[in-house]
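There are 2 protein chains.
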Amino acid sequence: MLDNLIYFFNPQGVAVIGASANSSKLSHGILRNLISYDWSGKAYPVNPSSSQILELTCYPSIKDVPDPLDLAVIILPAEVIPNVLEDCGKRGVKAVIVISGGFREVGEGGLTLENKCLTIIRNHGMRMIGPNCVGTMNVLNGLNTTFIRGMPTRGGIGFLSQSGAVCGGIVDHVVRKGFGFSHFISLGNEADVNETDIIEFLAKDKNTRVIAAYVESIYDGKRFLRVCQQVSGIKPIVIIKAGRTSEGAKAVSSHTGALAGVQQAYSAAFKQAGLIEVSTVEDLLNVAMTLDYCSLPMGNRAAIVTNAGGPAALASDHLADYGISLAQIDAQTKSKLRKVLTGAAQVDNPIDMLGAADAVEYGFALEQVLIDVGVDLAVPILVPQALVNPSNVAEAIVSQSAKKTKPVIACLMGDESIDAASQILHEGRVPMVDYPEKIGECAGALFKYSQWKRNEHHNNQVELPVDKRQAEMLLMSLKEKVFGERTTRQLLNTYGIPLVPGEFTDTQ
Amino acid sequence: MLDNLIYFFNPQGVAVIGASANSSKLSHGILRNLISYDWSGKAYPVNPSSSQILELTCYPSIKDVPDPLDLAVIILPAEVIPNVLEDCGKRGVKAVIVISGGFREVGEGGLTLENKCLTIIRNHGMRMIGPNCVGTMNVLNGLNTTFIRGMPTRGGIGFLSQSGAVCGGIVDHVVRKGFGFSHFISLGNEADVNETDIIEFLAKDKNTRVIAAYVESIYDGKRFLRVCQQVSGIKPIVIIKAGRTSEGAKAVSSHTGALAGVQQAYSAAFKQAGLIEVSTVEDLLNVAMTLDYCSLPMGNRAAIVTNAGGPAALASDHLADYGISLAQIDAQTKSKLRKVLTGAAQVDNPIDMLGAADAVEYGFALEQVLIDVGVDLAVPILVPQALVNPSNVAEAIVSQSAKKTKPVIACLMGDESIDAASQILHEGRVPMVDYPEKIGECAGALFKYSQWKRNEHHNNQVELPVDKRQAEMLLMSLKEKVFGERTTRQLLNTYGIPLVPGEFTDTQ
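Which chain is which? The protein sequence lines are L and Y, in order.
Heads up: the first sequence runs through residues 190 to 697, numbered per my numbering.
Heads up: the second sequence runs through residues 190 to 697, numbered per my numbering.
The following block holds chain L by itself, in its conformation from the complex (with noise of 0.2 Å):
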């Protein structure tokens, strides 16, 4: 069943059910962008009120949709929803996205309507993405079944995410600046297709390098614990929880109690399985660029090499807070530095040019530094400088970065006059960072995660902290309110919490 997943990312036709002719409805939006990027695809609206929406022929009903069709993308009032699946189930759709909310987010009806959703789409073998998500993107074949504005650049980063805001946000942000991605999926309310599914689907995506993932709560934790762990043998996983705080788990849920300590758990359990956890959105996409682009260190040694001290200064600070250390310069390298460089440069690590370095010495310290058996990665800063290019910077070190494996990291710290120089290191696969205090946390994860593999950590049990399903099974069948031992022992056992052995006598 879960090889149908293919048909959400790479179907033959897709039916936009609901498409409305109106330009200001979201409907009309999800339309446009199926037929706006360069997916070859057949697209069909679908709406009785409509002959002709964006030029294409409309139809009244999915019923009436010709081949090819595979996937359905569903966007009208959530009670009309079943019956809308029964039809597609019945016209042979494999994969429905359902956009609409109305569902388990609004209390009980909208949970048992969501069910019997699920029901219909279990009895046709279909799957469903949603509901109550944003829908999907393949940017690599051009397929779009969002409403969101633009559509980043093609790279190796699959995204999914529990917020289809989060993944608006993100593309915003990305657009402009060159991230690449492979995949984008909102997963909605996970009636259906969850997180985990998705983490398997992107762990046999050959374009997928590395998988990137916001989540608010994970359901089957035994399942997406075991999963990641082996996904991490293969590719790494960077991942961003919510409600890391009990303010912050009182805004992801008004109806969980925020429990103390969880959030320990939850990070313990996902260093075991591989997972690299990060606090922040921006630290999720240069994270996961980072592991993108780069091979993995052989070792914490980075050698800076800079245009500017106070920089370089702030990036050592940021590499120490993530076990990272500046290496020894050896001192051959040392003196061939000293003879090409200005008189005045520092050769000590940070190997600091001064102001005026140019391209040529960007690229000459570089190539020192790499070919340096003591350094594990490098690290270039520039501070843009009125005489100097930094296209032309930037072109120097993807040059060197393309000699050798040893890992890149670039701070280019500024904005206005960079954006040329930060394309060129995109499509050069270096990653880059637009503040010298950022790299600490990529370079962290790459040796992180280097350690990880090394250590096939991946081989061993994930020790599990919490069997959520079956504590809250538990605690639901329950009336008291004050638990005896028996109960005790039972719930205390699904947290993985060992007991001196009992057994419970009725007889004195």
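No lab work stands behind these hints: they were computed from the structure.
Check before you lean on any hint, since a few could be wrong.
Since the list gives no way to pick out one identical chain from another, each pair is judged satisfied if it fits inside one copy or across any two copies.
Claimed, not checked - With a cut-off of at most 20 Å between alpha-carbon atoms, the simulated EDC-like pairs for lysine to aspartate or glutamate come out as follows:
#, residue 1, residue 2
1, Lys214, Asp547
2, Lys593, Glu616
3, Lys366, Asp623
4, Lys305, Asp276
5, Lys366, Asp604
Position chain Y against the provided structure of chain L, taking the given hints into account.
Using the frame of chain L, we list chain Y on its own:
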């Protein structure tokens, strides 16, 4: 003598000694910047090999420059600078900025040269910024003595830096984004004017509402903390100190061995003096902006008003990290919100108005939470949506924020589509960040500073960790490598470590 500092920022005439006719030279860039903005004073290039540069009369020597003349910016080889300073003194120049390097930072010979310069300027009653700096900007009157490309918007942040490159990198970052500055000061080697002098100057400047500082080392810690404590009572000082870690300290100076625990001492002293310490340049900018734009909150209870649950959850986590809690929304406020907002909206905190929320809904919800007595600050979050114009939402936020003194900190999670909205917020003095995770540090700093002010810590005596100058002098005067009790006592004393009383006796 401190009053002379005014000549750096409000001179009637400025000479650029060493100005070149060659547009690829930094000295040409300085002259160009001097005449490119609104500054209305006289600019005089000084160079014996040209008669005119950039259509300005060029003078062979500083002696030939006519009145009015207050300030000289010098960019010439280090070894000729003492003579030039003599000439400046004789000509009646009040203040000099020495851009050139080749002094203390290159070793003993450079230090001698620097001390020679210092003697000359002291003899003539002049003040000097530098050497080895990138100059200054008075953003308010348009005076720019740097070669940095671009000039920030006018505003309330006075920025000083011991790294010229950090100045350059920040200007590059802020020009497009709209952060407002009063001054930009690169301090270089601080032979004469140092960070504490500038903090005192900015404290007295009525247009500077917040002081932001990048520092690597503080020589006279006692005076620095005393001044900062006084100034913090008047206006906030935000500080980033490079060299927090031993790797960073190594980067700041390969001469100074890193002292374990020094950072804790710095941080403790900073805190006591009311300084707001941050660890990234981006936070330095965001926190300074927030302190510039906002009144201080009466408490730590925030109300989030959002069109997206995920980003609100992330914001809640990061607010909690900095001691800000989610406010309990009053029942009456909730009932008013329920009447106006869309049916499925969440009227508990975070107030989630769902994806389609428009400017009217933002305005209404913000108005309600700002009059709720249980709310100390408001955090509107917008993820750009296809059908909502971010600029209209920004205008609604500005209009509600202007009605109340409670702080409003906005997050527009995007890049591509929020440029115009971001300008509206800056102009309306509403601090704005581009990721939800960045709100925490901003709100936390406001709250921390309000607490410090309220507790009137500024009336207490600052406890000083180290009198470094005394310790250094003592260590230099000693020849032994192992110290006896008498020397050890003196040394411990300079570090402020309390000792059991004792006397040295020379009889038995």
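Evaluated hints:
{"no.": "1", "hint": "Lys214 - Asp547", "result": "between (51 Å within a copy, 14 Å between copies)"}
{"no.": "2", "hint": "Lys593 - Glu616", "result": "within (17 Å within a copy, 48 Å between copies)"}
{"no.": "3", "hint": "Lys366 - Asp623", "result": "both (11 Å within a copy, 14 Å between copies)"}
{"no.": "4", "hint": "Lys305 - Asp276", "result": "within (14 Å within a copy, 90 Å between copies)"}
{"no.": "5", "hint": "Lys366 - Asp604", "result": "both (10 Å within a copy, 9 Å between copies)"}
In this structure, every one of the numbered hints holds.
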